[in-house]
Amino acid sequence: MLWEDLQRIRSEAPLIHNITNYVVMNTTANALLAIGASPVMAHAVEEVEEMTGLARALVINIGTLSAPWVKAMIKAGKEARRRKIPIVLDPVGCGATKFRTYTAQKLMQEIRPTIIRGNASEIRALLCSSSGTKGVDSSHTSDEVFEEACELSKAAGCVVSVSGAVDIIVDGDTVARISNGHPMMAKVTGMGCTASAITGAFAAVNSSSFKAAASAMALMGIVGEIAVERSAGPGSFQLNFLDILFSIQKSDIDQRIKMQGV
Amino acid sequence: MLWEDLQRIRSEAPLIHNITNYVVMNTTANALLAIGASPVMAHAVEEVEEMTGLARALVINIGTLSAPWVKAMIKAGKEARRRKIPIVLDPVGCGATKFRTYTAQKLMQEIRPTIIRGNASEIRALLCSSSGTKGVDSSHTSDEVFEEACELSKAAGCVVSVSGAVDIIVDGDTVARISNGHPMMAKVTGMGCTASAITGAFAAVNSSSFKAAASAMALMGIVGEIAVERSAGPGSFQLNFLDILFSIQKSDIDQRIKMQGV
Amino acid sequence: MLWEDLQRIRSEAPLIHNITNYVVMNTTANALLAIGASPVMAHAVEEVEEMTGLARALVINIGTLSAPWVKAMIKAGKEARRRKIPIVLDPVGCGATKFRTYTAQKLMQEIRPTIIRGNASEIRALLCSSSGTKGVDSSHTSDEVFEEACELSKAAGCVVSVSGAVDIIVDGDTVARISNGHPMMAKVTGMGCTASAITGAFAAVNSSSFKAAASAMALMGIVGEIAVERSAGPGSFQLNFLDILFSIQKSDIDQRIKMQGV
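Protein chains in written order, with numbering that gives the first Met the number 0: chain A, 0 to 261; chain B, 0 to 261; chain C, 0 to 261.
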């Protein structure tokens, strides 16, 4: 499934519309290009609907949000709903500030994402706004929030993808666990945001949001593992990650994949 | 000509004022530094006129535009006209949304750029707003829009530089064709935007916009070819591109250049 | 001191709140991660106070400023003052435009930074707004502005860190000089901004702003030197810089450090 969908991304080059944060725009665009998708970044309220109208998936990321961007996110999200294309929401830093928590919840209600992808702290904060998170890093493990993820999935009617040492993807009571990846990935900014963008690419070619989210996390983890083996640190990791994402073969995936439940 | 102008850029370090998109700000600044120019990014309506007043070329790129930025682009562009410094316009995604097409056309009229540099879809859309483009990638070849490029050049009284497998640079009825480059360059975000910034650097040191545009595209293509030979994928390509742009010698250029018409 | 503080950064992972420019957000976030700190970028006026409230240092950089960002900078700065956490101000391009000079001076007055880190032209312009600077690069040496740096330090009651071939850090009449570094560092965009972010990380773990500023500049210079030795140009330099910052050992620092006055 992962391999077949990756082949589809490479051959179809689906356009992925990203409304994302300033920190990662370049790296997520490059990751989408490396996987074979076609990224577009556009945030002006004047054009987001039209841009979403051209796309096969919408990825919304609140990493460096501000009021005009939130407006655009909602407008784009509603258009994506109308067109029934998948929407990935990355609630970066949800729980760290009231504005982020409020915005993430507002986006949940108004655009009803297909997939929510975040770290454990963000997912917990999204379910229960009383949690305190430290900036944009996670202070919980994904397993610690397993029940919250299931609850959020049921309440919001969407797939919840929680990244961590073990990634957990839940769709109601269905759960997948992925044990690929490497701690070095947390030493590069925006790897979570990249995971969300790649999730959008898989969702563009697979109508099962659950499978798309699982494939994305597995591929991220596998590519990350190989990249770490070839890297002296987080600088060289970044370029190796893109090189490997661009050229990864079926055999690399088959040998390394550690996925349960899909 | 290319080599002499590159030497001038390296020795004079012309200040290039960029009002560009969030995705590529870092990479275009680094490309301008690598070639020997001095980049500045500034977009506040309060300061763009003054910043353009210090620069030897202005590069405007609508990749992630919004209303306040458009205002600043116009203000900066008018100051550049007044000072008679070259203006490069990169109409990123023109044709993809009405806002982009409208903005590109408005910029054309209000600031009258010296050089328009875009891909085939963007150039076609700029001439005839009825074309449909897919995001920011090109769905036409440069040769398919040759006549439109000539027409646009004459109508707008400027040089039109169309990137593609073969780059086409037109100035009225004069045309140059450059066959350097490599498909890998399309797998890295912002290579077109980098081409526009580099065009600005050449225009800063050569009063012929036609020659400047041709030199920039040839150098981009040559550096890209060498970088691909040393790279395992789009990640390592990016760093090799900067390394080679920084240190390229006359002999590399002479051996590889495939330029007709200049 | 440098090594002990670096160990503290690595073990405590202090959260550093950055309100910085678009060009360098990604690279400074990655530098902060590589050194072991935890970066967060947030600029919305709705959330900056709360985010600063979670942080152990605030870094303000006016590289691509605009009016709403200035408001947020002031709000965050006041909260940082209230909480008595260190504030690093990087007056990028101060002197190049009236808006930048005015904003830098306004920030000085309203938030009273703990450390000002800039190049010689910026420091001079901050003291005396009549100076003309060329874009964001420096046209003076740090030694040429030594007296201005002392004067600024006394007038503003803060540490002044001037980068250059020799970095000068002054705190009233106390001065440190650091001769590490390499000219290649000026060929990569945002190395100054990275220095400011790293200064924030050291200030988060050392209550002496003077020592923090000196450690940061020495580490930047040493890592830069090693990176240049392993690099073919400014592209590979960037990745080597991060790799080395991530893994640098005490012996590398001891062997190379050229610091006087601390």
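The set of hints was computed from the structure by calculation and includes no laboratory data. Hints may contain errors.
Just so you know, same-sequence chains aren't split out, so a pair can sit in one copy or run between any two.
Here are the simulated PhoX-like cross-link-like pairs (lysine-lysine), alpha carbons at most 25 Å apart as the crow flies [claimed, not checked]:
1) Lys249 with Lys70
2) Lys249 with Lys210
3) Lys74 with Lys97
4) Lys257 with Lys74
5) Lys97 with Lys77
6) Lys105 with Lys153
7) Lys257 with Lys77
8) Lys186 with Lys70
9) Lys74 with Lys249
10) Lys249 with Lys186
11) Lys83 with Lys97
12) Lys97 with Lys70
13) Lys105 with Lys249
14) Lys105 with Lys83
| request: Output the numbers, in ascending order, of every earlier hint that fails for this structure. | output: Failing hints, ascending: 1, 4, 7, 8, 9 and 13.
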